[in-house]
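Generate the whole structure from the sequences, applying the supplied hints.
Okay, here's what each chain looks like letter by letter:
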Amino acid sequence: MTTQTKNIQEPVKGYLDMELLRFSTAGSVDDGKSTLIGRLLYDSKSIFEDQIQAIEESSKRRGDENVNLALLTDGLRAEREQGITIDVAYRYFATPKRKFIIADTPGHIQYTRNMVTGASTSNLSLILVDARKGLIEQTSRHTFISALLGIPHIVFCINKMDLVDYSEEVFEKIKADLEAFASKLNVKDIRFIPISALHGDNVVNKSENMPWYQGETLLYLLENIHIGSDQNHIDCRFPVQYVIRPQSTEYHDYRGYAGRIAGGVFKPGDEVVVLPSGFSSKIKSIDTYDGPLDEAFAPMSVTLTLEDDIDISRGDMIVRPNNQPEISQDIDLMVCWLNEKPMHLGGKYAVKHTTNDVRCIIKDVKYKVNINNLHRIEDDKTVNMNDIARITMRTTKPLFYDRYERNRNTGSLIIIDEATNETVGAGMIVE
Amino acid sequence: MKSYTLNHLKELEAESIYVLREVAAQFERPALLFSGGKDSIVVAHLARKAFWPAKIPFPLVHIDTGHNFPETIEFRDRFINDLGAQLIVGSVQKSIDEGKVVEEKGYNASRNALQTVTLLDTIEEYQFDAAIGGARRDEEKARAKERFFSHRDEFGQWDPKNQRPELWNLFNGRKHMGEHFRVFPISNWTEMDIWQYILHEKIDIPSLYLAHEREVFVRNGVIMAVTDFIKKRDDEEVMVKKVRFRTIGDATCTGAVESDADTLEKIIEEVAAARETERGTRADDKRSEAAMEDRKKQGYF
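As you go down the protein sequences, you meet chains A and B in turn.
Each residue of the first sequence is one higher than the one before, counting from 21 in the numbering used here.
Each residue of the second sequence is one higher than the one before, counting from 13 in the numbering used here.
Do not take every clue at face value.
What the hints assert, rightly or not - Okay, derived cross-link-like pairs now, DSS-like style, lysine-lysine, Cα gap no bigger than 27 Å in a straight line:
#1 A:LYS204 / A:LYS401
#2 B:LYS117 / B:LYS61
#3 B:LYS243 / B:LYS254
#4 A:LYS117 / B:LYS253
#5 A:LYS208 / A:LYS195
#6 A:LYS287 / B:LYS67
#7 A:LYS117 / B:LYS112
#8 A:LYS226 / A:LYS208
#9 A:LYS153 / A:LYS195
#10 A:LYS368 / B:LYS187
#11 B:LYS243 / B:LYS112
#12 B:LYS61 / A:LYS287
#13 B:LYS278 / A:LYS304
#14 B:LYS22 / B:LYS214
#15 A:LYS204 / A:LYS153
#16 B:LYS214 / B:LYS61
#17 A:LYS304 / B:LYS106
#18 B:LYS214 / B:LYS254
#19 B:LYS117 / B:LYS244
#20 A:LYS361 / B:LYS67
#21 B:LYS253 / B:LYS278
#22 A:LYS304 / B:LYS22
#23 A:LYS193 / A:LYS226
#24 B:LYS214 / B:LYS67
#25 A:LYS401 / A:LYS383
#26 A:LYS304 / A:LYS287
#27 A:LYS361 / A:LYS302
#28 A:LYS302 / B:LYS61
#29 B:LYS253 / A:LYS417
#30 A:LYS287 / B:LYS22
#31 A:LYS204 / A:LYS386
#32 A:LYS117 / A:LYS208
#33 A:LYS417 / A:LYS386
#34 A:LYS368 / A:LYS401
#35 B:LYS173 / A:LYS80
#36 B:LYS253 / B:LYS243
#37 B:LYS106 / B:LYS254
#38 A:LYS417 / A:LYS383
#39 A:LYS361 / B:LYS106
#40 A:LYS117 / B:LYS214
Just so you know, the hints here were simulated from the structure itself, not pulled from any lab data.
Here the structure is a predicted model, which is why all the values come from computation and not from measurement.
Okay, structure coming up:
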């Protein structure tokens, strides 16, 4: 691997202008994912000498021919012993333009739950396609999960172009197949890049082997893709997380509602309604330790104070009177099951949604999805680990929610087994 | 249309504040583990922001090996006094005196591993149900797989293969009696983010982080400070060097680096150019490839 140092993080100057991009990758052992991540980390100078030295030593011990970059991410003893990635691993690198968080997940079907976990907080999904194989089941699976989890941008890297003579024809054929498949899904932004992770073509530097490709390199795209619209800045949603009451002489009557803005833009003077009570008031101030703000938007953590003294507690939601969320106890959702114990139809579970804790009964399984071909399975209603299903539930209290595709913060929930306390399901609200 | 975006430090700050408030809301008796190192200083600073204008609604806990640089303790007392927070000290010396642990012997003796027992005892004594720590995922590969809310069983153990999936910003802190959580609000920060934030927020840090002249000797390629707590071999030569510490832990296992960086700006330049991770100077990680994973399973930070 050649050393490139042109993307060294600029130390002090300009760092406050850096944005944060979270992306997820999924792939199996030999599609070149580790090589690609290794190259991004190495070329951006995010791998250190003691890390390289440590994996060189263990590669040698294991009898690997080359330095095995997968050892960088496979941190657990069991993973190294079995040569597999079990869990989501988070990796970090930065260029002068952006800081990146990679959620690196294994690509096998039995790890769907890890892919879903990694995808849940991502702005972008990076999907590797082997140029020799084209669109295979695993590609469909990754694409479907990325779309299901509402990732705004999907980047297909057609990898191993060196093994197909850097052929434009091969690239265009795969691109057409992927476009046809993705048209069945709801994806906002799709890109295609022909690369060779091994040789570095179109990863950081433009490939000289593919003059026919006029598009961006992967790193340029990651640095420049517009992510400013990924959050919902239209529907004002403020789930109250914690009530701040200092009870000091200086702030004797202070009552602040702390939380993270889940959507929209809030300003002092805005008229608001508090759910579920329905009481209305006005925003008096938006407070932070660094001083009051003129406006606040997702994903900021702030403290709101209101003009009127009304009873508000954790789990309530502050919204605008003319734009309110759905309020219902009957929820229709897509669920990814995460636990070895299958979902119990008619069973009771605990649910976490925004800052709200409720209980639910699973009322119905409408269908399961075959995630390799998107076909609906209607005759088998057993929802096992890694299954994705459309279900309905009834909750003990009404939820204040938006459709997941409109707002990932107010449209998502987790299902918890009340006996074991484990998180057993991830839900995306359809209506 | 106006663009509503946050820079990366603001976004990380918002995430960490959210996690800290979630701890206060979901647990009855949380505590913040405070070592006096830069990461726990940043966590304490974020906690001050999260609950302002109220005080931090939980105590700060220092697990004290007794093998501290005097600068660390001085700094700790001043910093916590400024915060107006409560300090609880768990003493490794006390665990040794009570016969709960046996001190390591020999030249590489360290109390680092003994901390685990004192930590778990302190958690039990005060019945803490959540211990907030300053670990970051970029520090070490076993930590790269750590959750924000990390479940510990009644023995304080971590089961890395059976962690709860953590999706979106929905943190599941439910537990049975006797179990507790470790919570890591700055999971997504890197060493560079920490330094940039300390500079930007003008956060006070112990002087040990800045380059200074000190009596040192070299062992296994690591520069160690001369202190009363570490047994020096006769063939180990003492010299005076200009050094600084990249991490501040127990004095027996924290190595220094030669450096001229005596300001935060210079540290940031040094970190940007560094070719070794900050844990490269930690003798405790060099014991085996899975040293951190093994210690974490038993209940280490």
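Now for the hints, and whether the structure bears them out:
Simply put, LYS204 (chain A) and LYS401 (chain A) have alpha-carbon atoms about 24 Å apart, close enough for the 27 Å limit, and the pair holds. With a C-alpha separation of about 43 Å, the suggested pairing of LYS117 (chain B) with LYS61 (chain B) is violated against the 27 Å cut-off. Pair hint LYS243 (chain B) plus LYS254 (chain B) holds up; C-alpha atoms about 22 Å apart against a cutoff of 27 Å. Our distance criterion of 27 Å between C-alpha atoms is broken by LYS117 (chain A) and LYS253 (chain B), whose separation comes to about 37 Å.
Our distance criterion of 27 Å between C-alpha atoms is met by LYS208 (chain A) and LYS195 (chain A), whose separation comes to about 16 Å. Our distance criterion of 27 Å between C-alpha atoms is met by LYS287 (chain A) and LYS67 (chain B), whose separation comes to about 26 Å. At most 27 Å may separate the alpha-carbon atoms for a hinted pair to count; LYS117 (chain A) and LYS112 (chain B) exceed this at roughly 52 Å. A threshold of 27 Å between alpha carbons decides the hint, and for LYS226 (chain A) with LYS208 (chain A) the separation of about 26 Å falls inside it, so the pair holds.
With a C-alpha separation of about 12 Å, the suggested pair LYS153 (chain A) and LYS195 (chain A) falls inside the 27 Å cut-off, and the hint holds. At roughly 18 Å between alpha-carbon atoms, LYS368 (chain A) and LYS187 (chain B) fall within 27 Å of each other, so this suggested pair holds. Taking the CA atoms of LYS243 (chain B) and LYS112 (chain B), the gap is about 23 Å. The hint holds against a cut of 27 Å. Distance restraint check for LYS61 (chain B) and LYS287 (chain A): the Cα-Cα separation of roughly 20 Å lies within the 27 Å cut-off, and the hinted pair is therefore satisfied.
A distance of roughly 43 Å separates the Cα atoms of LYS278 (chain B) and LYS304 (chain A); the hinted pair therefore is violated under the 27 Å criterion. For the proposed pair LYS22 (chain B) and LYS214 (chain B), the alpha carbon gap of about 15 Å is at most 27 Å, so the pair holds. With a C-alpha separation of about 21 Å, the suggested pairing of LYS204 (chain A) with LYS153 (chain A) holds against the 27 Å cut-off. A threshold of 27 Å between alpha carbons decides the hint, and for LYS214 (chain B) with LYS61 (chain B) the separation of about 14 Å falls inside it, so the pair holds.
A distance of roughly 51 Å separates the Cα atoms of LYS304 (chain A) and LYS106 (chain B); the hinted pair therefore is violated under the 27 Å criterion. The suggested pairing of LYS214 (chain B) with LYS254 (chain B) holds, with an alpha-carbon distance near 24 Å, which does not exceed 27 Å. A distance of roughly 13 Å separates the Cα atoms of LYS117 (chain B) and LYS244 (chain B); the hinted pair therefore holds under the 27 Å criterion. Proposed proximity of LYS361 (chain A) and LYS67 (chain B) is contradicted: the alpha carbons are some 43 Å apart, above 27 Å.
Pair hint LYS253 (chain B) plus LYS278 (chain B) holds up; C-alpha atoms about 18 Å apart against a cutoff of 27 Å. Taking the CA atoms of LYS304 (chain A) and LYS22 (chain B), the gap is about 23 Å. The hint holds against a cut of 27 Å. This hinted pair checks out: LYS193 (chain A) and LYS226 (chain A) have alpha carbons roughly 21 Å apart, not beyond 27 Å. Distance check on the hinted pair: LYS214 (chain B) and LYS67 (chain B) sit about 20 Å apart at the alpha-carbon level, within 27 Å; holds.
Under the criterion of a C-alpha separation no larger than 27 Å, the hint pairing LYS401 (chain A) with LYS383 (chain A) is consistent with the structure, at around 12 Å. As the CA atoms of LYS304 (chain A) and LYS287 (chain A) are separated by approximately 9 Å, the hinted pair is consistent with the 27 Å bound. Restraint check for LYS361 (chain A) and LYS302 (chain A): not satisfied, since their Cα atoms lie roughly 47 Å apart, outside the 27 Å limit. Between LYS302 (chain A) and LYS61 (chain B), the direct Cα distance comes to roughly 24 Å. Compliance with the 27 Å bound is thereby established for this hinted pair.
At most 27 Å may separate the alpha-carbon atoms for a hinted pair to count; LYS253 (chain B) and LYS417 (chain A) exceed this at roughly 66 Å. Using a Cα cut-off of 27 Å, the hinted pair LYS287 (chain A) and LYS22 (chain B) holds, with the two alpha carbons roughly 19 Å apart. At roughly 20 Å between alpha-carbon atoms, LYS204 (chain A) and LYS386 (chain A) fall within 27 Å of each other, so this suggested pair holds. For the proposed pair LYS117 (chain A) and LYS208 (chain A), the alpha carbon gap of about 24 Å is at most 27 Å, so the pair holds.
Distance hint between LYS417 (chain A) and LYS386 (chain A) is fulfilled; the C-alpha atoms sit about 23 Å from each other, no more than 27 Å. Straight-line distance between C-alpha atoms of LYS368 (chain A) and LYS401 (chain A) comes to about 17 Å, which keeps the hinted pair within the 27 Å bound. The suggested pairing of LYS173 (chain B) with LYS80 (chain A) holds, with an alpha-carbon distance near 26 Å, which does not exceed 27 Å. This hinted pair checks out: LYS253 (chain B) and LYS243 (chain B) have alpha carbons roughly 19 Å apart, not beyond 27 Å.
Between LYS106 (chain B) and LYS254 (chain B) the CA atoms are separated by roughly 35 Å; this puts the pair beyond 27 Å, and the hint is violated. Taken as a hint, the LYS417 (chain A) and LYS383 (chain A) pair is honoured in the structure, with Cα atoms around 15 Å apart against an allowance of 27 Å. As the CA atoms of LYS361 (chain A) and LYS106 (chain B) are separated by approximately 45 Å, the hinted pair breaks the 27 Å bound. For the hint pairing LYS117 (chain A) with LYS214 (chain B), the CA-to-CA distance comes to about 24 Å; that is within 27 Å, so the pair holds.
Of the numbered hints listed earlier, those contradicted by the structure are 2, 4, 7, 13, 17, 20, 27, 29, 37 and 39.
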